[in-house]
Amino acid sequence: MNKRIDVDPIGCTGHGLCAELFPERITLDDWGYPMIDPAGVPPELGEHALRAVRACPTVALRLLGATSSVAASANPLEPRPR
Amino acid sequence: MTQPRLLAGLTGTGSLSLAQHRAVHGDVPRLDPAGQPSFLSELNASGLRGRGGAGFPAGIKAAAVAGRRRPTVIVNGSESEPMSYKDEVLLTRTPHLVIDGALLAAQAVGASEVLVAAAPDVLAVLGAALDEREQPERQAPEVRLCAKAPGYVAGEETALLAHLEGRPPLPRVKPPLPVERGLRGRPTLMYNAETVAQLALIARHGASWFRSEGTLDHPGTTLVTASGAVRAPGVYEVPLGTPLPQLVELAGGTVEPVRAMLIGGYFGAWIAETGHGVTLDEGALRQAGGGIGAGVVVALGISACPVAETARLAAWMCTESAGQCGPCVHGLASIADLVQRIADGRAEAGDRGRLTRWASMIQGRGACRHPDGVARMIASAASVFSHEFADHVRYGPCENCERPATLITPRREARAA
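Respectively, the protein sequence lines represent chains C and F.
Residues 1 to 82, numbered by my numbering, are exactly what the first sequence covers, in order.
Residues 83 to 499, numbered by my numbering, are exactly what the second sequence covers, in order.
It is worth saying that the hints were derived from the structure and are not from the lab.
Small disclaimer: the values here were computed from a predicted structure and weren't measured.
Using N, Cα and C, we set each Cβ at its ideal position, and we do this for glycine too.
Some hints here could point you the wrong way.
[As the list claims (entries may be wrong)] Cut-off 20 Å, straight-line C-alpha distance, at most; resulting in silico cross-link-like pairs (SDA-like, lysine to any residue):
1. C/Lys3 to C/Gly32
2. F/Lys256 to C/Pro38
3. F/Lys256 to C/Ala60
4. C/Lys3 to C/Ala55
5. C/Lys3 to C/Val53
6. C/Lys3 to C/Arg62
7. F/Lys256 to C/Val59
8. F/Lys256 to C/Met35
9. F/Lys256 to C/Glu47
10. F/Lys256 to C/Pro23
11. C/Lys3 to C/Val59
12. F/Lys256 to C/Asp8
13. F/Lys256 to C/Leu63
14. F/Lys256 to C/Gly46
15. F/Lys256 to C/Gly65
16. F/Lys256 to C/Ala55
17. F/Lys256 to C/Gly11
18. C/Lys3 to F/Gly94
19. F/Lys256 to C/Arg62
20. C/Lys3 to C/Gly46
21. F/Lys256 to C/Pro42
[Claimed, not checked] On the chain C side, residues computed to face chain F include the following (Cβ under 7 Å):
22. Pro9
23. Ile10
24. Gly14
[Said to hold, decoys possible] Pulled from the structure, derived: some chain F residues nowhere near chain C, Cβ distances all over 10 Å:
25. Asp109
26. Leu298
27. Arg313
28. Glu338
29. Glu355
So here's chain C without its partners, still in its complex pose:
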């Protein structure tokens, strides 16, 4: 199943490293902020996606487990409050 890249729009300050490292799915808008391709991240691109996530200076990128938003909120990186 495809994973999905998610950007925290408040955390992101537009360094643009992600678009350099993962141009297959991330491009920059006219103001230098990342636009994520909704197509998702197939397994063969997973390593590139992870590199972009780790390189983000403001830790604003996440790689989410599945494409559906329901599954996304169950993402282990952001535990659901009980």
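Starting from the known structure of chain C, fit chain F onto it as the hints suggest.
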């Protein structure tokens, strides 16, 4: 015209006293813990949707909070939409209906307190209404009144949560949704003021009564704030699905031919003329590129310049950005600047294409829906006013550009019609 529901019994000015309120609407049924499930299913069956702008089904929201540990209920009367005063009318003229709804919502989900956020002068009326009521029983939810924060995005639910927690009123990224993690981390059910008033009527009369007005998908009546080039601006209660031209007639007709109407709010969409063939219904409006939003209807007369109006609106929306998300901060500034250039006749080749490209570029790119609203308003303006935009690009400002603004005017005296 159909009988008013929310605005029933209102004559003259001033608010309905508790006695008048009970005479008009009858006693409110008290929900004991055993009655909660049946009320929640009644609320679901009613098909009531939130009246604050997003239109989320009220029953689903309540069910998401019911049964969670120590839930809170908040009634959002912020009404930060400048051309809307329907919540103010509701809260000040029939405060007991809102209080009934607030208490019922709290009882339905097992909350021990309800917060009502509104402007201070509105809260004064609510406070007086609360004083009219008997000392609350021990088990009754406590109603607390809290002053809202100023600012357009301060009415957004996570921004209001931040304000009530003592932080700057800024939206945050969702999830977690307020129903999961709301006020001070507690599961929070937040309803618009009109939504709880509708809920108070559903508790009395039931789901099928509620559905006897409106459409299948969008049942019930709704409050609308009509302004602009209409003879009798004011707050009107109409069934959902009312044809837009009929709504204009209700507001006294037009003072001059209407070029277009802004529907929903400043985040809404422009609809050509008086919206022939368009009904006040989410489905019909969505086909026309808009939505019912907060029930704002502004008629723009032909003596106004739609390009100058759009430029002012875009500039104001830009200043109202919370300033947190890059695409909103920079995108709205670029868009506002570009519309102003078009209005001034300083546009370059490709600027009109750039405008629609930027509008779609900022879509869905913020923590809240502020950029999406601007995108929608701009896209509809560029389409509905394409001739005027083209004329301004070619010939510069028109004779109507300097006329007084229809949009962004001070609030008129709140009154129900």
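Outside-interface status for glutamate 355 of chain F - nearest CB in chain C farther than 10 Å: holds, 34 Å
Take the C-alpha atoms of lysine 3 of chain C and alanine 55 of chain C, compute the straight-line distance between them, and say whether it is at most 20 Å. Roughly 18 Å between the alpha carbons, so the hint for lysine 3 of chain C and alanine 55 of chain C holds.
Regarding the pair lysine 256 of chain F and glycine 11 of chain C, is the alpha-carbon distance no greater than 20 Å? holds, 13 Å
Take a quick look at whether lysine 256 of chain F and alanine 55 of chain C sit within 20 Å of each other, Cα to Cα. violated, 23 Å
Hint check: lysine 3 of chain C vs valine 59 of chain C, CA-CA at most 20 Å. Holds or violated? Answer holds: lysine 3 of chain C to valine 59 of chain C is near 18 Å, not above 20 Å.
If you draw a straight line from the CA of lysine 256 of chain F to the CA of proline 38 of chain C, is it 20 Å or shorter? Since the Cα atoms of lysine 256 of chain F and proline 38 of chain C sit roughly 18 Å apart, the hinted pair holds (cutoff 20 Å).
So is glutamate 338 of chain F really clear of chain C, every C-beta pair being over 10 Å apart? holds, 39 Å
Would the pair lysine 256 of chain F and glycine 65 of chain C pass a check requiring their Cα atoms to be no farther apart than 20 Å? Answer holds: lysine 256 of chain F to glycine 65 of chain C is near 17 Å, not above 20 Å.
Verify the proposed pairing of lysine 256 of chain F with valine 59 of chain C, using a straight-line Cα cut of 20 Å. holds, 17 Å
20 Å Cα cutoff - pair lysine 256 of chain F, glutamate 47 of chain C: With Cα atoms ~27 Å apart, lysine 256 of chain F and glutamate 47 of chain C exceed 20 Å; violated.
For the pair we were handed, lysine 256 of chain F and glycine 46 of chain C, check the Cα-Cα distance against 20 Å. Judged against 20 Å, a Cα distance of about 25 Å means the pair is violated.
With chain F as the partner, please determine if proline 9 of chain C meets the hint condition of a C-beta pair closer than 7 Å. holds, 4 Å
Of the numbered hints given earlier, the model fails hints 1, 9, 10, 14, 16, 18 and 21; all others are met.
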